[in-house]
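With chain A held as given, fit chain B onto it using these hints.
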Amino acid sequence: AQSVTQLGSHVSVSEGALVLLRCNYSSSVPPYLFWYVQYPNQGLQLLLKYTSAATLVKGINDFEAEFKKSETSFHLTKPSAHMSDAAEYFCAVSGDTGNQFYFGTGTSLTVIP
Amino acid sequence: DAGITQSPRHKVTETGTPVTLRCHQTENHRYMYWYRQDPGHGLRLIHYSYGVKDTDKGEVSDGYSVSRSKTEDFLLTLESATSSQTSVYFCAISERGGGSTDTQYFGPGTRLTVL
Numbered sequence: 001a002q003s004v005t006q007l008g009s010h011v012s013v014s015e016g017a018l019v020l021l022r023c024n025y026s027s028s029v030p031p032y033l034f035w036y037v038q039y040p041n042q043g044l045q046l047l048l049k050y051t052s053a054a055t056l057v058k059g060i061n062d063f064e065a066e067f068k069k070s071e072t073s074f075h076l077t078k079p080s081a082h083m084s085d086a087a088e089y090f091c092a093v094s095g096d097t098g099n100q101f102y103f104g105t106g107t108s109l110t111v112i113p
Numbered sequence: 114d115a116g117i118t119q120s121p122r123h124k125v126t127e128t129g130t131p132v133t134l135r136c137h138q139t140e141n142h143r144y145m146y147w148y149r150q151d152p153g154h155g156l157r158l159i160h161y162s163y164g165v166k167d168t169d170k171g172e173v174s175d176g177y178s179v180s181r182s183k184t185e186d187f188l189l190t191l192e193s194a195t196s197s198q199t200s201v202y203f204c205a206i207s208e209r210g211g212g213s214t215d216t217q218y219f220g221p222g223t224r225l226t227v228l
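Sequences listed follow chains A and B, in order.
Numbered by our numbering, the letters in the first sequence go through residues 1 to 113 in order.
Numbered by our numbering, the letters in the second sequence go through residues 114 to 228 in order.
If you are wondering where the hints come from, they were derived from the structure by calculation, not from laboratory data.
Looking from chain A toward chain B, a few residues come up when the C-beta cut is under 10 Å (computed):
1) F34
2) N41
3) L44
4) A92
5) V93
6) G104
If you anchor each label on the Cβ, the simulated ranges turn out as follows:
7) P121(B) to G16(A): 40 to 46 Å
8) T128(B) to G16(A): 45 to 51 Å
9) E208(B) to S84(A): 27 to 33 Å
Okay, the calculated bits of chain B under chain A, using three or more residues with CB under 8 Å as the criterion:
10) 143-155
11) 162-176
12) 208-214
13) 219-228
Even glycine gets a Cβ: it sits at the ideal position worked out from N, Cα and C.
Next comes chain A alone, as it looks inside the complex:
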């Protein structure tokens, strides 16, 4: 069975501050991990994904995430928050043979000017 847990349903940061969104996964097989972003009234779009090629993954808009097997984590970071980063962020996992992707419950990011 596979699942992801996102710690913190709401995160607020000041503009220019570090963004850290947490994701822990559970998987019986080596996982493939994803971060998606959802802007208001839109569908989800891919930020980045871990495919086992490198543990530090860089995505769009200066976001990056590091796969840590020992901690079963795939936290999302950005060095300096921008107002346009305000959105809902979802962590997702796949990796078994079930043809499915499993999503976390999401973290809403607020950026304070």
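Coordinates of chain B only, in the frame set by chain A:
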């Protein structure tokens, strides 16, 4: 942007009425998915399809049925809508399914309200 459209985009209906939501893709992707998004629950998979006429259940399939008669269209039907099915519904597509590094591409969503 991936070519995915959903119709209708908004719908208000009454309890007990049938409702069909349509997802249309122009990418010729094999896999198509229906999710519902609810506060506190994130995205939950309702049904998915891995080819024409090939479908399977997801986590929250009770009260929903699907059909895929063409590669490009995936229909979600609520046979008798209930208030608990008020939600935002997203369609997604991918070339390969879960168990891969494939990216899912999402449609714009359908907001369904059941009174």
